[in-house]
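There are 2 protein chains.
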Amino acid sequence: MICIRSHRIIVFLLFGIIIFSGCQQTEFESDTQPFCLAIHGGAGTILKKTMTPEIEKEYRDKLEESLQAGFNILKDGGNSLDAVQTAINILEDSPLFNAGKGAVFTNSGTNELDASIMDGNTLNAGAVAGIKKIQNPINLARLVMEKSPHLMMVGEGAEIFAQENGVEFVTPDYFYTERRWQQLQKRLQEEEENNKSLNNTAHQKYEPDFTDSKFGTVGCVSLDQNGDLAAGTSTGGMTNKRFGRVGDSPIIGAGTYANNQTCAVSATGEGEYFIRSLVTHDISALMAYKNMSLHEAANHVIMEKLTKLGGSGGIIAIDKNGNIEMPFNTAGMYRGYIDKDGKMVISIFKN
Amino acid sequence: MICIRSHRIIVFLLFGIIIFSGCQQTEFESDTQPFCLAIHGGAGTILKKTMTPEIEKEYRDKLEESLQAGFNILKDGGNSLDAVQTAINILEDSPLFNAGKGAVFTNSGTNELDASIMDGNTLNAGAVAGIKKIQNPINLARLVMEKSPHLMMVGEGAEIFAQENGVEFVTPDYFYTERRWQQLQKRLQEEEENNKSLNNTAHQKYEPDFTDSKFGTVGCVSLDQNGDLAAGTSTGGMTNKRFGRVGDSPIIGAGTYANNQTCAVSATGEGEYFIRSLVTHDISALMAYKNMSLHEAANHVIMEKLTKLGGSGGIIAIDKNGNIEMPFNTAGMYRGYIDKDGKMVISIFKN
Chain W
1 MICIRSHRII
11 VFLLFGIIIF
21 SGCQQTEFES
31 DTQPFCLAIH
41 GGAGTILKKT
51 MTPEIEKEYR
61 DKLEESLQAG
71 FNILKDGGNS
81 LDAVQTAINI
91 LEDSPLFNAG
101 KGAVFTNSGT
111 NELDASIMDG
121 NTLNAGAVAG
131 IKKIQNPINL
141 ARLVMEKSPH
151 LMMVGEGAEI
161 FAQENGVEFV
171 TPDYFYTERR
181 WQQLQKRLQE
191 EEENNKSLNN
201 TAHQKYEPDF
211 TDSKFGTVGC
221 VSLDQNGDLA
231 AGTSTGGMTN
241 KRFGRVGDSP
251 IIGAGTYANN
261 QTCAVSATGE
271 GEYFIRSLVT
281 HDISALMAYK
291 NMSLHEAANH
301 VIMEKLTKLG
311 GSGGIIAIDK
321 NGNIEMPFNT
331 AGMYRGYIDK
341 DGKMVISIFK
351 N
Chain U
1001 MICIRSHRII
1011 VFLLFGIIIF
1021 SGCQQTEFES
1031 DTQPFCLAIH
1041 GGAGTILKKT
1051 MTPEIEKEYR
1061 DKLEESLQAG
1071 FNILKDGGNS
1081 LDAVQTAINI
1091 LEDSPLFNAG
1101 KGAVFTNSGT
1111 NELDASIMDG
1121 NTLNAGAVAG
1131 IKKIQNPINL
1141 ARLVMEKSPH
1151 LMMVGEGAEI
1161 FAQENGVEFV
1171 TPDYFYTERR
1181 WQQLQKRLQE
1191 EEENNKSLNN
1201 TAHQKYEPDF
1211 TDSKFGTVGC
1221 VSLDQNGDLA
1231 AGTSTGGMTN
1241 KRFGRVGDSP
1251 IIGAGTYANN
1261 QTCAVSATGE
1271 GEYFIRSLVT
1281 HDISALMAYK
1291 NMSLHEAANH
1301 VIMEKLTKLG
1311 GSGGIIAIDK
1321 NGNIEMPFNT
1331 AGMYRGYIDK
1341 DGKMVISIFK
1351 N
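The listed protein sequences derive, respectively, from chains W and U.
Taking our numbering, I'd label the letters of the first sequence as residues 1 to 351.
Taking our numbering, I'd label the letters of the second sequence as residues 1001 to 1351.
Incorrect hints may appear among the rest.
Just a few of them, taken from the derived set where beta-carbon distance is under 10 Å, the chain W residues facing chain U [stated by the list, open to error]:
#1 Gly244
#2 Gly247
#3 Ala254
Capping the alpha-carbon separation at 30 Å, the derived lysine-lysine pairs in BS3-like fashion look like this [said to hold, decoys possible]:
#4 U:Lys1186 <-> U:Lys1132
#5 W:Lys186 <-> W:Lys133
#6 U:Lys1290 <-> W:Lys305
#7 W:Lys186 <-> W:Lys49
#8 U:Lys1133 <-> W:Lys133
#9 W:Lys305 <-> U:Lys1147
#10 W:Lys320 <-> U:Lys1320
#11 W:Lys290 <-> W:Lys340
#12 W:Lys133 <-> W:Lys147
#13 U:Lys1305 <-> W:Lys305
#14 U:Lys1186 <-> W:Lys147
#15 U:Lys1320 <-> W:Lys290
#16 W:Lys305 <-> U:Lys1320
#17 W:Lys320 <-> U:Lys1290
Some chain U residues flagged as far from chain W (calculated, every beta-carbon gap over 10 Å) [claimed, not checked]:
#18 Glu1058
#19 Val1170
#20 Asp1173
#21 Gly1253
#22 Asp1339
#23 Ile1348
These aren't lab readings, by the way, just hints derived from the structure by calculation.
Here a beta-carbon is modelled for each residue, glycine too, at the ideal position from N, C-alpha and C.
Bound conformation, chain W alone (with noise of 0.2 Å):
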């Protein structure tokens, strides 16, 4: 009789256990989603040895400046684009990372611009290529996407619909900044010691620029309080460039994607492996077909498939419980985060 009597009592406790956790666990996902949001200021070969504390102490103050006005945003119950946006205006008007006010330059001197955005709720997206006007080709980039049927927009055609939307323009010298000029003249240099000008070589192969600007780029990915995710990217390119050579960073799946269901991702490295490797959609493509976790697919992205196929650079991302992975296989990656818990973290060198 009392085995019976407690053993009742045992079961209308466990029952009462799960109800009350099954309240709990709801009452958490309505009251408490949350919002977080990570950025990247470029990958490559940043090296704690070649870099003074003065220096590094400007990156970290950058980072977290833009870290803190983007999860402002987030925190007074903003979106997750606006976020995104906010974020990647600080990094494209500091001359410290490779997008706006410091882009590099290509071959001809001049500084052509790309950047994309991506919208997890509704999938849309924007992106603009070869942009030489706009002081924040991010912010163009979304209104590509509010503003217009098209999503992807190139050139001169991108400027005059920017300045038919009301957006100022910048003079070319607006993005002059010392260090990049030299940087260019560097490498016009040694191209003419290597004499490997193409100007009169039909049919040769040219490297590109391999030095630390080679991967510059910024981003953002976000989520907000509403459970939407987004995801952006803007890059001034590849020093020296020539040829209107377009990178992953305006490619939505390949430097850019953002879908609730999964995840929002931004990309920095060696465009072409990552438009052939489609790396940030197929993150997400793992997360939705394989039933993998944001790590599990991030470092199986960039640390086995991208590596093998010898491709160099990482990722920032977020997926929709809140969870932040920033993989990447490259000396260093500018980047930080603030996590749900409002912990801020900011690194560049591996750790």
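Got chain W; can you put chain U on it based on the hints?
For chain U alone, coordinates are given in the frame of chain W:
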């Protein structure tokens, strides 16, 4: 005793059958690698009632010529990239399709062409967009893949690269066809009548061209005797397009994708939706990660996912075993294939 003996005989026979069928399988796989090819000439509102028998015959003849030329290369032991390029060249050189010679006019009366090609064996790819002086954009896309370290080049830069590699230019009048010019005039007139000009209307959306030329694209997918897959796509874009709009045709993973592990796919349709959905890479991902057959993956992506998102168009695809799929959600799609048994099928309308 008899029982044991017959039991032994049965086991022996079964063993023999298993070994024999194993050999057969191996023999089949090594000696009869299937080869086949499929093409498309665009999808859209192609209706039997609006087409005369004479025009239908013109389309069918040209599709047959393209298929036969591509297939001959495969039959002679040539590779998929050559087959894709040759089949597409024939469609590009015809005024019937919106690619190459038959390219539609932009809003400013120019012709701006896009193309991409991908090698399923190496995952190498090449793409060009916004080019004006090249007779066969698919050839330039292949040149970018094979003779440059880049994957995608746009505008004048792509043409400088072409010139440096000995590609001959055509003059703009090469692309003049009365039919396409009249399509532009009609579109401009409609726009004027509807007072939809964007010139003085900032922030106003405008309707893209929804005539039959909207989905104008040509493409080819191929499987060769080495088991190598390739895909290519070429287009003249949208009638009356503005703003340097780039559609899905030159975007790897959207308009074109090939991977020996899964399939080769070329798309035609509303480019913006195909980019957002990463249509061609998604089909490959569903096969690789969800073990779907080509039939299941292609139909799921076009007839369910793309349709649900509101996008129109279709794809042609071949898998590594020589299965062919050509789903589309429009009224018609110019399409054809020669299958692994050498049987040719050409279709235009819905069955």
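A quick look at each hint next to the structure:
1. Gly244: holds, 3 Å
2. Gly247: holds, 8 Å
3. Ala254: With a closest approach of 7 Å, the alanine 254 of chain W hint holds.
4. U:Lys1186 <-> U:Lys1132: holds, 22 Å
5. W:Lys186 <-> W:Lys133: holds, 25 Å
6. U:Lys1290 <-> W:Lys305: At roughly 18 Å apart (the allowed maximum being 30 Å), lysine 305 of chain W and lysine 1290 of chain U satisfy the hint.
7. W:Lys186 <-> W:Lys49: Roughly 21 Å separates the two Cα atoms, so the pair holds.
8. U:Lys1133 <-> W:Lys133: With a Cα-Cα distance of about 26 Å, the restraint between lysine 1133 of chain U and lysine 133 of chain W holds, given a limit of 30 Å.
9. W:Lys305 <-> U:Lys1147: holds, 24 Å
10. W:Lys320 <-> U:Lys1320: Between lysine 320 of chain W and lysine 1320 of chain U the Cα gap is close to 35 Å, so the pair fails against 30 Å, i.e. violated.
11. W:Lys290 <-> W:Lys340: Roughly 26 Å between the alpha carbons, so the hint for lysine 290 of chain W and lysine 340 of chain W holds.
12. W:Lys133 <-> W:Lys147: holds, 19 Å
13. U:Lys1305 <-> W:Lys305: At roughly 26 Å apart (the allowed maximum being 30 Å), lysine 305 of chain W and lysine 1305 of chain U satisfy the hint.
14. U:Lys1186 <-> W:Lys147: holds, 25 Å
15. U:Lys1320 <-> W:Lys290: holds, 21 Å
16. W:Lys305 <-> U:Lys1320: Within the cut-off at roughly 20 Å; holds.
17. W:Lys320 <-> U:Lys1290: holds, 21 Å
18. Glu1058: holds, 32 Å
19. Val1170: The claim stands: valine 1170 of chain U keeps its Cβ more than 10 Å from every Cβ of chain W (closest is about 19 Å).
20. Asp1173: Answer for aspartate 1173 of chain U: holds, closest chain W Cβ roughly 22 Å.
21. Gly1253: violated, 4 Å
22. Asp1339: holds, 28 Å
23. Ile1348: holds, 27 Å
Comparing the model with each earlier hint shows violations of hints 10 and 21; every other hint is respected.
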